[in-house]
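Engineer: Heads up: the protein sequence lines correspond to chains A and B, in order.
Going left to right, the first sequence walks through residues 1 to 328 as the UniProt record's numbering numbers them.
Going left to right, the second sequence walks through residues 1 to 498 as the UniProt record's numbering numbers them.
Just so you know, the hints here were simulated from the structure itself, not pulled from any lab data.
Take the hints with a grain of salt, since some may be wrong.
Below, a list of computed lysine-lysine pairs in the DSS-like style, where the Cα atoms sit at most 27 angstroms apart [as the list claims (entries may be wrong)]: (1) B:267 <-> B:224; (2) B:267 <-> B:420; (3) B:267 <-> B:53; (4) B:267 <-> B:215; (5) B:420 <-> B:224; (6) A:191 <-> B:224; (7) B:152 <-> A:321; (8) B:215 <-> B:193; (9) A:191 <-> B:420.
In silico negatives: residues of chain B with every beta carbon more than 12 angstroms from chain A [what the hints assert, rightly or not]: (10) 133; (11) 156; (12) 394; (13) 475; (14) 494.
Each residue gets a CB set at the ideal place from its N, CA and C atoms; glycine is no exception.
Residue-level listing of the chains:
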Amino acid sequence: MTSLLTRNETLVAVVIVLFCILAAVSDPNFLTVTTLSDLLRASIVLGIFAIGAMLVLISGGIDVSFTAVAVSAMYMTTKFSLAFWPEMPWYLIFTLSVLLGAGLGAINGLFIAGFGLPTLIVTLGTLSVFRGFLLTFVGSDRISALPPDMREFSRMVIARGTTEGGDFYNLPWSLAALVVVVGLTAFILHKTMLGRSIFAIGGSVESARRIGINVRQTQFFVYVYVGALAGLAGILHGSMNRMADPFSLVGLELSVIAAVVLGGARLIGGYGTITGTLLGVALIVLVQNSLIVIGIPSTWQSVTIGALILLGTGLPAYQAKRAAARAG
Amino acid sequence: MGSPDSAVLVEMTGVTKRYAGVTALDRVDFAVRPGEAVCLAGENGSGKSTLIKILSGVEQPSEGAIRIGGEQMRGLNPRRAASAGVMVIFQDFSLFPNLSVAENIAFASELAEHRRFFNRRAARETARKVLDRIGVDIPLDARLEQLPVAHKQLVAICRALACEARLIIMDEPTTALTEREVRRLLGIIRLLKDEGVAVVFVSHKLAEVLEVSEKVVVLRNGRKVAEGPATEFNASSLTRHMTGREVAEASPGPFNGAGETLLTVEKLDKPGAFRNVSFEMRRGEVLGITGLLGSGRTSLAKALFGLVAPASGRITLDGADVPLGDPVAAAHARIGYVPEDRLTEGLFLTQSILRNVAVGRLDSHERRGFLDMTGLVGEAADWLARLKVKTPSIAAPVTSLSGGNQQRVALARWLSRAPKLLILNGPSVGVDVGSKAEIHDIIRDLGAQGLGVIVISDDLPELLATCHRILVMRGGEMVDEIEGGSITEDDLSHKLAS
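Based on the sequences and whatever the hints tell you, model everything.
Structural biologist: Below, the structure written as structure tokens:
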């Protein structure tokens with residue numbers, strides 16, 4: 001039986017708690033609603049990306065193109081809206097971006113599921129192609145005059161205010177998007193045969209084929225779904241930053257995959273949990289935003305994240321190896 | 001024959017399969033009744049895999065008809081075969097290491113029902129029922145990867161049963177099992193037969209499953225060469241039919257005993273493995289060491305090559321001390337060791353055949369820090385030819401070879417280093433009958449050439465066919481020493497167990 005101690009989730013949770021204790025000790029202002037709401041806001045886009053990346057890892061593949069999909073879907077949607085329908089309501093803007101993302105994901109799916117090409121090669125290629133296409137043919141200007149409804153959405157809040165202690169907080173509706181994505185993905189993964197098939201092909205493609213799982217269809221779904229999530233994350237990013245920047249997002253993909261791997265998903269496929277992934281995201285966001293609070297210069301960010309990955313994935317792997325050696 | 005017989009579950013008539021001009025199956029008739037167990041025997045390349053692929057719908061026959069449950073099956077595909085109740089359990093089991101036992105058992109049947117949604121409780125229920133049916137207790141929520149091999153096989157059987165299997169085809173079912181696990185498997189097979197489930201064993205190692213089988217069918221070169229009640233077959237008649245010749249094992253030539261002493265082992269001791277082991281052997285002698293599992297024979301073999309460090313004792317080769325527990329020193333003293341588990345210990349499976357041989361000789365072909373490739377490759381190719389390794393290309397990976405030929409590659413590597421003493425642990429494990437006899441020929445030859453050869457094995461006919469002298473171990477001690485020509489298989493087996 002897997003002991004609780006050898007699970008990545010536990011390890012990551014412990015590190016998060018330790019980090020928070022350290023931060024609270026060095027800065028009494030750390031444990032406030034303001035910090036929490038700031039960290040939550042910073043987790044939205046990363047979190048949606050991570051859920052998608054986790055799904056791909058579970059299916060036994062890897063996707064590094066989702067940031068390019070996100071930025072392309074966001075920028076094209078913005079351009080389209082500004083050119084043809086500036087008063088486009090926000091929910092249609094979001095739908096369009098999600099559909100564009102799904103369409104770009106389908107291109108990945110075509111190469112991977114249709115032609116059976118290696119996932120890393122395909123998505124490395126599409127990462128460059130999508131972004132290059134965007135900057136060359138769609139545009140390379142930063143647009144801060146967004147369609148009014150997109151700006152409006154970023155102002156819609158679930159709750160905002162000031163606590164009695166004078167801490168300002170603000171929870172945007174975009175947080176609901178993360179909640180919906182988590183709920184939907186959890187449902188697909190655990191309650192549908194499609195979700196179980198994703199786990200199955202990650203465990204063994206050959207076995208999946210032999211018991212009659214439609215491997216191609218399942219893989220195709222995975223890449224389209226990840227594309228759609230990327231489209232959503234992209235438009236949320238644009239809306240929350242009040243700017244459509246075609247140079248943003250790309251470059252984040254490794255941090256996202258780092259968060260997912262920290263959360264216990266394995267690169268060989270078949271393993272990954274939503275809880276673990278969200279914890280991994282939380283840890284990465286903490287490190288990126290609050291490292292300075294515990295007295296570590298922010299230039300140490302990437303060293304810290306790297307060390308956490310080595311520790312967080314290395315320790316359970318080492319323990320598993322020891323256990324296997326004892327059993328054999 | 002011609003009229004459909006309702007009591008026949010599966011009937012193949014005149015099935016022929018040709019691949020690009022090669023006839024893999026030639027007008028084979030094959031029938032299985034409900035509740036019947038059939039042994040399908042044949043060497044590698046005999047056509048038994050092709051027959052299974054056709055029966056499970058993976059391949060289409062070039063000619064011939066298949067009936068399942070009296071119904072003519074045209075254009076059979078895996079899905080239709082499965083829904084007709086024909087299930088194959090492959091040697092690798094085709095399970096999902098990352099999923100729970102319950103899900104592994106229930107997945108295929110849920111897919112067959114075209115379900116869209118997954119219900120964990122229903123899956124557990126399905127799994128529990130099937131496990132109860134065969135009277136096995138495996139934790140439903142355990143991850144499959146945590147189970148031992150024997151349990152994985154049971155999970156695969158349960159998955160077939162969950163899909164309402166009427167015929168279960170098992171590919172090499174006993175290869176990875178211990179004696180006791182085989183017993184349990186046979187018990188379960190009997191249970192299934194009582195319920196009317198038919199079983200086909202596909203194997204080249206059939207002695208173990210003969211006792212639960214009704215019928216034996218032997219294929220050779222794509223033709224059915226023998227068929228009859230299982231009671232009419234035994235290990236040696238099976239071998240005869242499979243190879244098509246009397247594989248009368250030659251016995252080792254007489255050992256004149258005149259050679260000089262090659263190896264002396266004195267009071268070798270390792271607590272928990274073996275005690276106070278002493279023996280001597282001469283040049284040109286083939287020495288067998290046998291004993292049941294756990295008798296210490298494998299530890300002793302490893303200790304001779306330094307892979308296991310004895311607590312005390314002394315090994316002398318040609319008058320010089322061999323340091324204990326140091327495989328590099330042992331190799332340097334020109335002792336060679338071919339392990340039992342070639343696949344994980346002995347060979348680089350994905351590397352080419354040539355490289356696998358050449359890797360043992362890198363040191364000797366060094367010229368001022370660079371490799372003399374011509375010399376290295378030439379020597380390796382020469383050894384492969386001398387051992388008659390059958391391969392279209394020595395650049396092909398070792399995985400492309402049959403078990404017998406893989407064993408020859410392992411031998412070639414050691415022989416190219418000109419050893420004085422060669423230790424062979426289970427030299428014919430996983431090798432088919434015909435190749436086995438040829439490997440025995442090679443072993444006898446090596447002895448005749450003046451090498452010392454130690455054969456560690458529990459395959460008694462193998463020992464009798466190759467060894468001049470046999471040492472018997474029991475509970476870690478040398479308990480007996482037997483002259484090769486002076487004993488029958490039955491007597492030897494008695495000495496092992498008593």
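Engineer: All hints are to be evaluated individually against the structure, with a verdict given for each.
Structural biologist: So, going through the hints one by one against the coordinates:
{"no.": "1", "hint": "B:267 <-> B:224", "verdict": "violated, 54 angstroms"}
{"no.": "2", "hint": "B:267 <-> B:420", "verdict": "holds, 22 angstroms"}
{"no.": "3", "hint": "B:267 <-> B:53", "verdict": "violated, 55 angstroms"}
{"no.": "4", "hint": "B:267 <-> B:215", "verdict": "violated, 51 angstroms"}
{"no.": "5", "hint": "B:420 <-> B:224", "verdict": "violated, 45 angstroms"}
{"no.": "6", "hint": "A:191 <-> B:224", "verdict": "violated, 49 angstroms"}
{"no.": "7", "hint": "B:152 <-> A:321", "verdict": "holds, 20 angstroms"}
{"no.": "8", "hint": "B:215 <-> B:193", "verdict": "holds, 13 angstroms"}
{"no.": "9", "hint": "A:191 <-> B:420", "verdict": "violated, 64 angstroms"}
{"no.": "10", "hint": "133", "verdict": "holds, 20 angstroms"}
{"no.": "11", "hint": "156", "verdict": "violated, 10 angstroms"}
{"no.": "12", "hint": "394", "verdict": "holds, 29 angstroms"}
{"no.": "13", "hint": "475", "verdict": "holds, 23 angstroms"}
{"no.": "14", "hint": "494", "verdict": "holds, 33 angstroms"}
The earlier numbered hints that this structure contradicts are 1, 3, 4, 5, 6, 9 and 11.
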